[in-house]
Amino acid sequence: MIDTFTNTVLFVMLVLTALAIVRMERLFAVVMLSSVFSLLSALLFVTLDAVDVAFTEAAVGAGISTVLMLGTIALTKPEAKRPRHTAFVPLIVVCVTGAALVYGTLDMPAFGSPDAPAQTHVGPDYLSRTPIDIDVPNAVTAILGSYRGFDTLGETAVVFTAGIGVLLLLSGLRRRREDEDEEI
Amino acid sequence: MGKFFELQFLTGHIHYLLFIVLMMTGLFIVVDKTNLVKKIIGLNIFQVSVFMFYVSIGKVTDGTAPIFPMDSNYHVDQAAMQTILYSNPLPHVLILTAIVVGIATTSLGLALIVRIRESFNTIDEEDILQIEQKMTRDDNQKYKYLLRDML
Chain A
1 MIDTFTNTVL FVMLVLTALA IVRMERLFAV VMLSSVFSLL SALLFVTLDA
51 VDVAFTEAAV GAGISTVLML GTIALTKPEA KRPRHTAFVP LIVVCVTGAA
101 LVYGTLDMPA FGSPDAPAQT HVGPDYLSRT PIDIDVPNAV TAILGSYRGF
151 DTLGETAVVF TAGIGVLLLL SGLRRRREDE DEEI
Chain B
185 MGKFFELQFL TGHIHYLLFI VLMMTGLFIV VDKTNLVKKI IGLNIFQVSV
235 FMFYVSIGKV TDGTAPIFPM DSNYHVDQAA MQTILYSNPL PHVLILTAIV
285 VGIATTSLGL ALIVRIRESF NTIDEEDILQ IEQKMTRDDN QKYKYLLRDM
335 L
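From first to last, the protein sequence lines stand for chains A and B. According to our numbering, the residues represented by the first sequence are 1 to 184, in order. According to our numbering, the residues represented by the second sequence are 185 to 335, in order.
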């Protein structure tokens, strides 16, 4: 019961933050609100028992991505314009997509039910084998580093590629600026 | 049809509904707003809502975080471990990977925005479209005369 209460309160705060992001035009405030959104979602992850995910979300979502976005608005414009088109078509798109998704969830097992298919297959197997095979107290660490280690290797490859991409896109930024200054 | 209005069904599925509301708010920002930084933030909101939805599948009622108790020799205490109900750790692992991949794509998108601002001097989608249309018009004008001269 208390779980449902905390979840609902966090949800209301999350939705209010998201709506404020929709309304705001000043990008600095929008970036700060998105950081708040990440922190609130980290709290929600704790109530969903995903403490490692909450950790990562607080560090990456509220920390690194906020810094990156602040850097971007420092290099670009800090003010967003109000769109010239009406919000009618986007609203219809969103409503139709939402209705389709809700229709999809009707068949799902109830939230937290212990006999759902996700809880009866590999999950318990990982939980029972981790102490014998790997003997670390955190099952998430065991799966991440050992049972699904190739996933993590692939993730590293993705981050490496993205880092190279960002470097290639932004390299020579200062040089080009200086060239422009000389032309003027 | 009647079961969809029973209290038990509603309490079991209200979480999914709320996650979808959040997802759709993010999607609305992506579709409606023209500022590119705001679009990326909307994409992030959408992404985090999907993560919450995915992690909620692994939640077991009255379960706890999948961290085992230790005995005095710093090994997992297997007798104590059997008595505790844990949530499913597998969705957590997959979402951990997804969060890190998400920040990678976000940073790439932001770098692209910086380059777009360099080329167009704006990060507003509608302005960029106008500039591109004007460029195309000018090009067509130029090549029309060239083509006429050639023929």
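Keep in mind the hints are simulated off the structure, nothing from the lab. A couple of the hints might just be wrong.
[What the hints assert, rightly or not] Short, incomplete list of chain B residues facing chain A, as computed with Cβ under 7 angstroms: (1) L191; (2) L194; (3) H199; (4) T218; (5) Q231; (6) T245; (7) P250; (8) A263; (9) P273; (10) L292; (11) G293; (12) I312; (13) Q317; (14) L330; (15) L331; (16) M334.
[Said to hold, decoys possible] Straight-line C-alpha distance at most 30 angstroms; calculated DSS-like pairs for lysine-lysine: (17) B/K328 / A/K77; (18) B/K318 / A/K77; (19) B/K328 / B/K223.
[Said to hold, decoys possible] The calculated label-pair distances, taken between Cβ atoms and stated as ranges, are: (20) B/K326 / A/L70: 22 to 30 angstroms; (21) B/L194 / A/A59: 49 to 57 angstroms; (22) B/Q317 / A/G63: 37 to 45 angstroms; (23) B/L335 / A/H85: 37 to 45 angstroms; (24) B/Q266 / A/R23: 50 to 58 angstroms; (25) A/A74 / B/Q262: 47 to 55 angstroms; (26) B/T248 / A/A20: 31 to 39 angstroms; (27) A/H121 / B/T248: 31 to 39 angstroms.
Backbone N, C-alpha and C define an ideal beta-carbon position, used for all residues, glycine too.
Cross-check of the supplied hints:
{"no.": "1", "hint": "L191", "verdict": "violated (12 angstroms)"}
{"no.": "2", "hint": "L194", "verdict": "violated (10 angstroms)"}
{"no.": "3", "hint": "H199", "verdict": "holds (5 angstroms)"}
{"no.": "4", "hint": "T218", "verdict": "holds (5 angstroms)"}
{"no.": "5", "hint": "Q231", "verdict": "violated (9 angstroms)"}
{"no.": "6", "hint": "T245", "verdict": "holds (4 angstroms)"}
{"no.": "7", "hint": "P250", "verdict": "holds (4 angstroms)"}
{"no.": "8", "hint": "A263", "verdict": "violated (11 angstroms)"}
{"no.": "9", "hint": "P273", "verdict": "holds (4 angstroms)"}
{"no.": "10", "hint": "L292", "verdict": "holds (5 angstroms)"}
{"no.": "11", "hint": "G293", "verdict": "violated (9 angstroms)"}
{"no.": "12", "hint": "I312", "verdict": "violated (12 angstroms)"}
{"no.": "13", "hint": "Q317", "verdict": "violated (14 angstroms)"}
{"no.": "14", "hint": "L330", "verdict": "violated (28 angstroms)"}
{"no.": "15", "hint": "L331", "verdict": "violated (32 angstroms)"}
{"no.": "16", "hint": "M334", "verdict": "violated (33 angstroms)"}
{"no.": "17", "hint": "B/K328 / A/K77", "verdict": "violated (37 angstroms)"}
{"no.": "18", "hint": "B/K318 / A/K77", "verdict": "holds (22 angstroms)"}
{"no.": "19", "hint": "B/K328 / B/K223", "verdict": "violated (37 angstroms)"}
{"no.": "20", "hint": "B/K326 / A/L70: 22 to 30 angstroms", "verdict": "violated (41 angstroms)"}
{"no.": "21", "hint": "B/L194 / A/A59: 49 to 57 angstroms", "verdict": "violated (35 angstroms)"}
{"no.": "22", "hint": "B/Q317 / A/G63: 37 to 45 angstroms", "verdict": "holds (40 angstroms)"}
{"no.": "23", "hint": "B/L335 / A/H85: 37 to 45 angstroms", "verdict": "holds (41 angstroms)"}
{"no.": "24", "hint": "B/Q266 / A/R23: 50 to 58 angstroms", "verdict": "holds (51 angstroms)"}
{"no.": "25", "hint": "A/A74 / B/Q262: 47 to 55 angstroms", "verdict": "holds (53 angstroms)"}
{"no.": "26", "hint": "B/T248 / A/A20: 31 to 39 angstroms", "verdict": "holds (33 angstroms)"}
{"no.": "27", "hint": "A/H121 / B/T248: 31 to 39 angstroms", "verdict": "violated (20 angstroms)"}
The structure fails to meet hints 1, 2, 5, 8, 11, 12, 13, 14, 15, 16, 17, 19, 20, 21, 27 from the earlier list, while all remaining hints are met.
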